[in-house]
Amino acid sequence: MVSTLAMSPQSQGLRLGPPQVYAGLILLLALSMLMSLTLGYKIYSLDQVWMALFAHDGSEAAVVIAGLRLPRALIAPLAGAALGMAGVMVQTLSRNRIASPDTLGLNAGASLAVVVASIMLGVQSLAGLSLAAAFGAFVTAIVVFGVAASAGGLSPLKIVLVGVTFASLSHAFVEVLLTSNEAQLQQLLFWLSGAFVDRPIALFYNGLPVVIVGGIIGIGLSRALDALQADDSTAAGLGVPLAAVRGLAFVAVALLTGAAVSMAGPVAFVGLVVPHAARRLVGLRHIHQLPAAALFGAVYATLADVAARFVIYPVEAPVGAITAVVGAIVLLVLLMRRAA
Amino acid sequence: MADLVPSRIEVRDLTLMYGHDTVLDALNLPIPRGKVTVLAGPNGCGKSTLLRAIRRLHTGQKGQILLDNVDIASLGAKDLARQIGLLAQNPSAPPDMTVEELVRLGRYPHQAMLQPWSERDGAAVNRAMDGTGVTGLKTRRIGSLSGGQLQRAWIAMVLAQETDVICLDEPVNHLDMAHQLDCLDLVSKLNQEDGRTIVLVLHDLNLAARYADQLVFVHEGRVRALGQPEELMKPELLAEVFEVDAAIMTDPVHGRPICIPRGRARAAVQEVA
Numbered sequence: 001m002v003s004t005l006a007m008s009p010q011s012q013g014l015r016l017g018p019p020q021v022y023a024g025l026i027l028l029l030a031l032s033m034l035m036s037l038t039l040g041y042k043i044y045s046l047d048q049v050w051m052a053l054f055a056h057d058g059s060e061a062a063v064v065i066a067g068l069r070l071p072r073a074l075i076a077p078l079a080g081a082a083l084g085m086a087g088v089m090v091q092t093l094s095r096n097r098i099a100s101p102d103t104l105g106l107n108a109g110a111s112l113a114v115v116v117a118s119i120m121l122g123v124q125s126l127a128g129l130s131l132a133a134a135f136g137a138f139v140t141a142i143v144v145f146g147v148a149a150s151a152g153g154l155s156p157l158k159i160v161l162v163g164v165t166f167a168s169l170s171h172a173f174v175e176v177l178l179t180s181n182e183a184q185l186q187q188l189l190f191w192l193s194g195a196f197v198d199r200p201i202a203l204f205y206n207g208l209p210v211v212i213v214g215g216i217i218g219i220g221l222s223r224a225l226d227a228l229q230a231d232d233s234t235a236a237g238l239g240v241p242l243a244a245v246r247g248l249a250f251v252a253v254a255l256l257t258g259a260a261v262s263m264a265g266p267v268a269f270v271g272l273v274v275p276h277a278a279r280r281l282v283g284l285r286h287i288h289q290l291p292a293a294a295l296f297g298a299v300y301a302t303l304a305d306v307a308a309r310f311v312i313y314p315v316e317a318p319v320g321a322i323t324a325v326v327g328a329i330v331l332l333v334l335l336m337r338r339a340a
Numbered sequence: 341m342a343d344l345v346p347s348r349i350e351v352r353d354l355t356l357m358y359g360h361d362t363v364l365d366a367l368n369l370p371i372p373r374g375k376v377t378v379l380a381g382p383n384g385c386g387k388s389t390l391l392r393a394i395r396r397l398h399t400g401q402k403g404q405i406l407l408d409n410v411d412i413a414s415l416g417a418k419d420l421a422r423q424i425g426l427l428a429q430n431p432s433a434p435p436d437m438t439v440e441e442l443v444r445l446g447r448y449p450h451q452a453m454l455q456p457w458s459e460r461d462g463a464a465v466n467r468a469m470d471g472t473g474v475t476g477l478k479t480r481r482i483g484s485l486s487g488g489q490l491q492r493a494w495i496a497m498v499l500a501q502e503t504d505v506i507c508l509d510e511p512v513n514h515l516d517m518a519h520q521l522d523c524l525d526l527v528s529k530l531n532q533e534d535g536r537t538i539v540l541v542l543h544d545l546n547l548a549a550r551y552a553d554q555l556v557f558v559h560e561g562r563v564r565a566l567g568q569p570e571e572l573m574k575p576e577l578l579a580e581v582f583e584v585d586a587a588i589m590t591d592p593v594h595g596r597p598i599c600i601p602r603g604r605a606r607a608a609v610q611e612v613a
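Residue numbers (the working numbering), protein chains in the order written: chain E, 1 to 340; chain F, 341 to 613.
These are calculated hints, taken from the structure and not from any lab test.
Virtual Cβ for every residue (Gly too), placed ideally from N, Cα, C.
Be a bit skeptical, because a hint or two may be false.
[What the hints assert, rightly or not] Sample of chain F residues at the chain E side, in silico, Cβ under 8 Å:
#1 Lys418
#2 Ala421
#3 Gly425
#4 Ala428
#5 Ser432
#6 Asp436
#7 Met437
#8 Thr438
#9 Met453
#10 Leu515
#11 Ala579
#12 Asp585
#13 Thr590
#14 Val593
#15 Gly595
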C-alpha cells in the first residue's frame with residue numbers, strides 16, 4: 001500500500017516559488033503603471049512623464065500627467081490590491097470560490113449610501129460621496145455580519161445568503177431613488193459603475209493607510225484563515241477561535257472594500273477574479289495568497305483602467321464595465337468547469 | 341473506575357442538550373491511557389456528540405471532562421489542541437489544496453501568530469506524512485486522491501498536530517473493506533508504537549470488537565456497558581442496545597468476538613408492531 005502510493009505520479013509540473021512570483025508581479029505592476037501614465041486620449045513619452053513627475057515645467061503635458069494621470073495610476077492599483085485581498089478573505093470565510101465583496105452586498109451598500117447622500121442629503125463633492133461610499137460599505141458589513149451571527153452560527157452559507165439579500169435590497173432602493181430623481185441620474189450613473197478617472201489624489205492618501213491596516217489584519221490572521229479553509233469541526237479541533245477569526249477577518253474585508261469603494265466606486269468582480277489567479281500562482285496558504293492577490297489585483301485594475309481609455313475611444317468607458325465583462329467570463333468558465 | 345492507573349480522560353456526569361432534546365444524560369466514562377477506546381451504539385445514541393464533547397466542540401454542557409485531572413474547560417484553545425487531536429466526521433477542505441498544505445494545517449496549535457515555520461514544524465509534517473504513507477503524494481491536490489489516500493492525508497494532518505490523544509469520528513465511513521482495515525491498522529499502529537491514547541467512533545461492531553482495548557456501548561445518551569470486547573459482545577446486550585438478535589462467535593484468525601445478526605431483536609419487533 002505505502003509503496004504503491006509513493007510511486008503515484010505527481011499531478012503538477014514546475015511551480016515558481018513565491019519570491020519569483022512576487023518579483024514578476026512587481027515588474028508587471030511597474031510596467032502597467034507606466035502604461036497608465038503614458039497611454040490615453042493623448043500618448044506621452046517617457047521623457048514627458050519624467051519631466052512631469054520630477055521637473056514640473058507647467059506645460060500642458062506636465063499638467064495632464066501630474067494632475068490627471070498620476071492619481072489614477074496610483075488609485076487603480078491601490079483599489080485593485082484592496083479588492084484582491086478582500087476577495088481572498090471573503091472566499092475563505094464563505095468557503096465559496098465564487099463569492100466576493102459584491103456577494104456580501106458591500107458594493108451595493110456603498111452605492112446606496114452614495115445615492116442617498118447625493119439625492120437626499122444634497123452631497124455634491126467627490127470627497128463627500130467617497131466618504132459616504134466607505135461608510136455604506138462598512139455599515140453593510142456590520143449589518144450583514146450581525147444578522148448572519150444572530151441567525152445562529154455564522155455559517156458560511158448564512159453569511160452569503162444574508163449578503164445576497166442585502167445586495168438585492170440595496171440595488172432595489174438605488175433604482176427607486178434614481179428613477180424618481182432623473183436629474184441626478186447622469187451624474188451618478190458613471191460613479192455607480194466604478195471608475196478611476198477624475199479622482200483627486202487626496203483619495204489615494206486617505207485610502208492608503210486603511211488598505212495597509214486591512215492587509216496587516218489579513219496577514220496576521222493568515223494561519224487561522226488557512227485552517228478555516230477546512231470544515232468548522234476540523235478548524236475548531238485545531239484550536240482556531242472561529243467566531244473571533246471570522247469577526248476580525250470581516251473587519252478587514254470591510255476596511256479594504258470600504259477603501260476601494262471610496263476611491264473608485266463599486267468596481268465589480270475584481271474581488272472575484274483575483275483570488276483565483278493568486279491561488280494558481282502561490283497555492284492556498286494565506287501568507288502568500290494575500291500578497292499575491294494584492295499584487296495581481298493591482299496589476300489587473302491598472303490594466304483594466306488603461307483598457308477603459310481605448311474600448312470606446314475617444315470616450316472613456318467606466319472601468320467597472322471592463323472588470324464586469326472580464327469577471328463575468330471568468331465566472332462562467334468557473335461554473336462550467338465545476339459542472340463538468 | 342477503581343483503576344490504580346489514572347485515566348487519561350475522565351468524563352463525569354456529562355449532560356448535553358440540543359434544544360429540549362437530551363443527547364447525553366449524566367454520562368460517565370473513563371478513557372484509559374495508551375489504549376484504544378471504541379465508542380459504539382445505534383444511530384442517534386450520542387456517541388459522536390460524546391467524542392466532540394471530549395474535544396470541547398460543544399458548549400452549554402453540564403458536568404466535567406477531565407484531562408489528566410484538569411477540567412478541559414479551563415484550558416486555552418491552542419493548549420487543548422496540542423493535547424487532543426480530532427479527525428472530524430466527513431472532514432472537508434478545498435479540492436485544490438495540496439496534501440502537504442493540508443498536513444501543515446495540523447501545526448496550527450503549535451505556532452504563534454506570526455512565528456515563522458520552524459524546523460520542528462517541518463519535521464512533524466514529514467513524520468506525519470511518512471507514517472501515513474502519503475509523502476509521495478505531497479504535491480498532489482486532495483481532490484485528485486482516492487478515498488483511501490484522502491483519509492490517510494487527513495490522518496496525517498491530525499498526526500502533525502502531535503497530540504497524545506487522538507479522536508477519530510467514524511474514520512472508515514465511505515471506505516471499502518481493504519481501506520477500512522488499512523486505516524484502522526494505521527490507527528492501531530499509532531497506539532502500539534507511540535503509546536497514544538485513541539478514541540474512535542465506529543459503526544461496524546465487528547471492526548469495533550477487533551480494534552478495541554476498551555469497548556463502550558452508548559445507548560440513549562448514557563454508557564450502557566464498557567469493558568473488553570469479550571465482555572460486551574453478548575447476545576442479551578446486543579439485543580438491548582442495538583436491537584438485533586445476534587449469534588456471537590470467535591473470529592478464528594484474531595480470536596476476537598464477532599457477531600452475526602439473525603435479524604432484529606424480538607422485543608424491538610414487537611415494539612414496532
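Do the hints match the structure? See the list:
| no. | hint | in the structure |
| --- | --- | --- |
| 1 | Lys418 | holds, 4 Å |
| 2 | Ala421 | holds, 3 Å |
| 3 | Gly425 | holds, 7 Å |
| 4 | Ala428 | holds, 4 Å |
| 5 | Ser432 | holds, 5 Å |
| 6 | Asp436 | holds, 7 Å |
| 7 | Met437 | holds, 5 Å |
| 8 | Thr438 | holds, 7 Å |
| 9 | Met453 | holds, 6 Å |
| 10 | Leu515 | violated, 13 Å |
| 11 | Ala579 | violated, 33 Å |
| 12 | Asp585 | violated, 36 Å |
| 13 | Thr590 | violated, 28 Å |
| 14 | Val593 | violated, 19 Å |
| 15 | Gly595 | violated, 25 Å |
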